[in-house]
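Since chain A is already given, all that's left is putting chain B on it; use the hints.
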Amino acid sequence: MQQKDVLPMKPEIADKQLAVKPVITGSEAVIRSLIEEGVDTIFGYPGGAIMPIYDALYDFQDRVHHILVRHEQGATHAAQGYARSSGKVGVAFATSGPGATNLVTGLADAYMDSTPMVCITGQVAAALLGTDAFQETDVIGITMPITKWNIQVTRPEDIPGAIAKAFYIARSGRPGPVLVDITKNAQFGEFEYEYKKCEYIRSYRPIPELNQEAVTAAAALINSAKKPFILCGHGVLLSGAEQELIALAEKAQIPVGSTLLGLSAVPVDHPLYVGMLGMHGNYGPNMLTGEADVVIAVGMRFDDRVTGDVGTYVPNAKVIHIEIDAAEINKIVKADVAVHADAKPALAALLKQVNPAEHAAWLEEFRAADKKEYDKVQHAELYPQEGELKMAEVIRLISEKTKGEAVLVTDVGQHQMVASRYYRFKNPNTNVTSGGMGTMGFSLPAAMGAKTGTPEKEVVAIIGDGCFQMTLQELGTIHQSQIGVKIVILNNNFLGMVRQWQQLFFDRRYSSTEMVNPDFVQVAKGFYIPGKKVTAREDISAAIDEMLAHKGAYLLEVVVEKEDNVFPMVAAGAPITSIRLE
Amino acid sequence: MQKEYTVTVYTEDRIGITNRITIIFTRRGINITSLTTAETEIPGVYKFVITVMSTREKLDKVVGQIERLIEIHRAFVHEEDEVVYQELALYKISTRSLHTGDIERLIRENNARILTITADYFVIEKTGHQQELTDFIKKLEPYGLIEYTKSGRVAIVKWSRRFHEHLKELHTQEAPGI
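Here the protein sequences line up with chains A and B, keeping their order. Sequential numbering from 1 applies to the first sequence in this note's numbering. Sequential numbering from 1 applies to the second sequence in this note's numbering.
Don't read these hints as lab results, they were simulated from the structure. Certain hints may be false.
Derived coverage of chain B by chain A (criterion: at least 3 residues anywhere in the stretch with Cβ under 8 Å from a Cβ of chain A; other residues may be distant) [to be verified]: (1) 61-68; (2) 71-80; (3) 120-132; (4) 152-158.
Result set (DSS-like, lysine-lysine): computed pairs, CA atoms no more than 30 Å apart in a straight line [said to hold, decoys possible]: (5) B/K61 - A/K344; (6) A/K334 - B/K3; (7) A/K403 - A/K318; (8) A/K426 - A/K371; (9) A/K331 - B/K139; (10) B/K61 - A/K331; (11) A/K334 - B/K150; (12) B/K168 - B/K61; (13) B/K61 - A/K318; (14) A/K334 - B/K168; (15) A/K196 - B/K168; (16) A/K226 - A/K371; (17) A/K331 - B/K158; (18) A/K196 - A/K344; (19) B/K168 - A/K197; (20) A/K344 - A/K372; (21) A/K334 - B/K61; (22) B/K58 - A/K318.
Yeah, the Cβ is synthetic: ideal placement off N, Cα and C, and Gly gets one too.
Bound-form chain B, shown alone:
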């Protein structure tokens, strides 16, 4: 059955690594719905967090084919309940709406916060799951939403035991020269 999965991939820091990973999804006609990547706590090792709509069966094979790539350390597929995750959204609102009383309550009730205020607009930040973030758009729309943007996912695996140790061990081994 198609549903949303989180795929995590640990890689070397190489030019083109994103392309190498994403073409494996492309081959099987799987659409990537979000992709976040950044360096891990270990310099030179990157983590990708990719969300896709697909089936477990397909993704197990995709992850195998990703792991086969030379510059990939590990790749995993996670069910929704196997990860703790967050996404971050920014909402730009016309400053005029600040004069209406409810926006302050709305921000407080939704655990959002104001990042900046100018004469013309202010920017609200909110973290959460996709649905909460898009629900918040609807709540803000009456106040004059100017722009909305959302990040991809960051995720921590519930069952991981010693990933940090494993990455540190990796760091003691020689990094690839070229």
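Just chain A, same shape as in the assembly:
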């Protein structure tokens, strides 16, 4: 690593010593601004229009770790994984044109799943904008509907302000992705640098004021409820409101179900935790939404995978919706009491006004439903004695061996649903998955990001054979940057979830879902990542032990039952209470 003879002075020191602002290039201002925002890691890929910024980065290698990905989409997912596990803002760099368009999937994913991320793209010089210059693309126009905010900067003096605003917007309120597009002339130009953090934008109110009347009304509903039910969403994790939610549930003995992205907010072994909501969620929490008389939805947006047919959803319940984003209130489900607020203060205020209560008979209904699901589905999935390996038993073993403490990064499809159903999460922010977008190829790069953001934690990526082949080039990044992620491919040689739908709804016409796969262990070997393939039940436990014991990255391919289905399931658009166990 080469360094300049004299390290650049920190701007505040320069200010004091010289009493003047340092004159630096826009590119250097980008890096200094990121450092001011506490950025220690950047995922990115250089190219023509962002070269000056990469050149500036060269002098700051001791303070900012740049991870060279193999595709810009990988940079965004890595930044997402980093943000989701660490709670910090993820940062990605890309060049103009194709570099910028490769960010689109990750931006859309982060926007759907409220993930704080700042993407910085290089752009052709301002004089060339609109001329179809080489690698020019209208990235601002393209990403407008999939970013929380975006901006093009054409003058160096605007760079610190744009970056300050980008970070403030990305992390405040309902988090989301922001893109800053910087023209090449702005990167080269010099100006008097000064950094001021952004803490206020006059047209933007990220934290709504808590309406005490709404809290009182919500408490009154809960206090009168016979069958209250908490739906815990991603907002609980984003707000850091896990303890408040658990305290509320415990005080009034309210069962808690979780959305896919709310997983890990409440430990799976908590006596009031009743399982996952939605299409492939647990039987009890889905069925009993039909019986609940008060539903307390916290930081969730009633996704159609959660509600099924909205017309028949929570037919007997008054709905309390605690939500930071006003646009989500009454969007899908009409709230009887809307608490437009950040989850943490709202739940804390609610806790004071909610009376202690028992709902023994109601909780018993959940236990009975659980038993039914366990007997009909789970036992055979988790402890099969014969036949090919099942995804669920692999997840059970990984869950046991990691004590539910790993960061579980899942991709999209059957393996995602099975992992989400059976991994016994213990700690908050340990579930990283692509929920809203359902982006295949998410988990390998997201796992790299999660491991980089929380290196002290075990990070296990659970990936389907289809998903793995969408972003497998990131094995190169994992090798180069020595990122110790554990990669588990649950290989059924099918696009399993699509095949399941074809079986159930398209008369077993398996159109383009069977996969002829490469030798995954050999592929990993090509990237200098050790691995193993397991096909037999007697080998799986030891293989997982070996993987977890290995220092550094490891790939475990598990060949699982080819035509297995994920149950329970609700057909798309059907009432959620029509959930079937077989």
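Leaving out everything else, chain B in the frame of chain A:
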């Protein structure tokens, strides 16, 4: 039920803000029938007046999603009877028709006025609601209508109390640098 609504949006003065607003209508397949925007009495704050055919339920959600945008101050949806509004139309007529006697009466009866007269044509201006303005086309057609154009809507909200004060307060707060 689908009917005509007026949506008003108060925004910062930013490049691309029109696009940010209109794509939210596009996503839900709502056609914008007119759009007017101009700076308000407060420098740097713009007002959009947008007319659409849609349902109240859809528009309440659209307005929520518009308000969520960073550079939007407020957005509202109004029923027809909640706003006082006008649209402006210009009609270009062949000067030959001036020689027929009725055009002067027509202009006077319809509260229109002549903006300019040349040897070849003259231009009439009329403000009113869409229907009145298009009805006027029919009345002018016999006289040789050459060109017609109409503005979008400008609207004042009947129930507003202190919008001007609110915007002035806004002006005391720091305008966005970038």
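Results of checking the hints against the structure:
1. Given a C-beta distance limit of less than 8 Å, the hint that chain A covers the segment 61-68 of chain B holds, as 5 residues qualify and 3 suffice.
2. With a cut-off of 8 Å between beta carbons, the segment 71-80 of chain B has 3 residues touching chain A; three or more are needed, and the interface restraint holds.
3. Under the rule that three or more residues need a Cβ within less than 8 Å of chain A, the assignment of the segment 120-132 of chain B is violated, with 0 such residues.
4. With 0 residues having a beta carbon nearer than 8 Å to a beta carbon of chain A, the segment 152-158 of chain B misses the requirement of three or more and the stated coverage is violated.
5. Using a Cα cut-off of 30 Å, the hinted pair B/K61 and A/K344 holds, with the two alpha carbons roughly 25 Å apart.
6. For the hint linking A/K334 to B/K3, the alpha-carbon distance of about 22 Å falls within 30 Å, and the restraint holds.
7. With a C-alpha separation of about 38 Å, the suggested pair A/K403 and A/K318 falls outside the 30 Å cut-off, and the hint is violated.
8. About 22 Å separates the Cα atoms of A/K426 and A/K371, which keeps this hinted pair within 30 Å; it holds.
9. Between A/K331 and B/K139 the alpha-carbon distance is near 46 Å, which puts this suggested pair outside the 30 Å criterion.
10. With a C-alpha separation of about 6 Å, the suggested pair B/K61 and A/K331 falls inside the 30 Å cut-off, and the hint holds.
11. A hinted pair counts as satisfied when its Cα atoms are at most 30 Å apart, and A/K334 with B/K150 does not qualify at roughly 40 Å.
12. Between the alpha carbons of B/K168 and B/K61 the distance comes to roughly 28 Å, so the proposed pair stays at or under 30 Å and holds.
13. Pair hint B/K61 plus A/K318 holds up; C-alpha atoms about 21 Å apart against a cutoff of 30 Å.
14. A threshold of 30 Å between alpha carbons decides the hint, and for A/K334 with B/K168 the separation of about 35 Å lies outside it, so the pair is violated.
15. For the hint linking A/K196 to B/K168, the alpha-carbon distance of about 26 Å falls within 30 Å, and the restraint holds.
16. A threshold of 30 Å between alpha carbons decides the hint, and for A/K226 with A/K371 the separation of about 22 Å falls inside it, so the pair holds.
17. The straight-line distance between the Cα atoms of A/K331 and B/K158 is roughly 27 Å, inside the 30 Å bound, and the hint therefore holds.
18. Distance check on the hinted pair: A/K196 and A/K344 sit about 28 Å apart at the alpha-carbon level, within 30 Å; holds.
19. A distance of roughly 26 Å separates the Cα atoms of B/K168 and A/K197; the hinted pair therefore holds under the 30 Å criterion.
20. Distance check on the hinted pair: A/K344 and A/K372 sit about 34 Å apart at the alpha-carbon level, beyond 30 Å; violated.
21. Restraint check for A/K334 and B/K61: the C-alpha separation of about 12 Å stays at or below 30 Å, so the hint holds.
22. Using a Cα cut-off of 30 Å, the hinted pair B/K58 and A/K318 holds, with the two alpha carbons roughly 22 Å apart.
Violated hints, in rising order: 3, 4, 7, 9, 11, 14, 20; the structure is consistent with all others.
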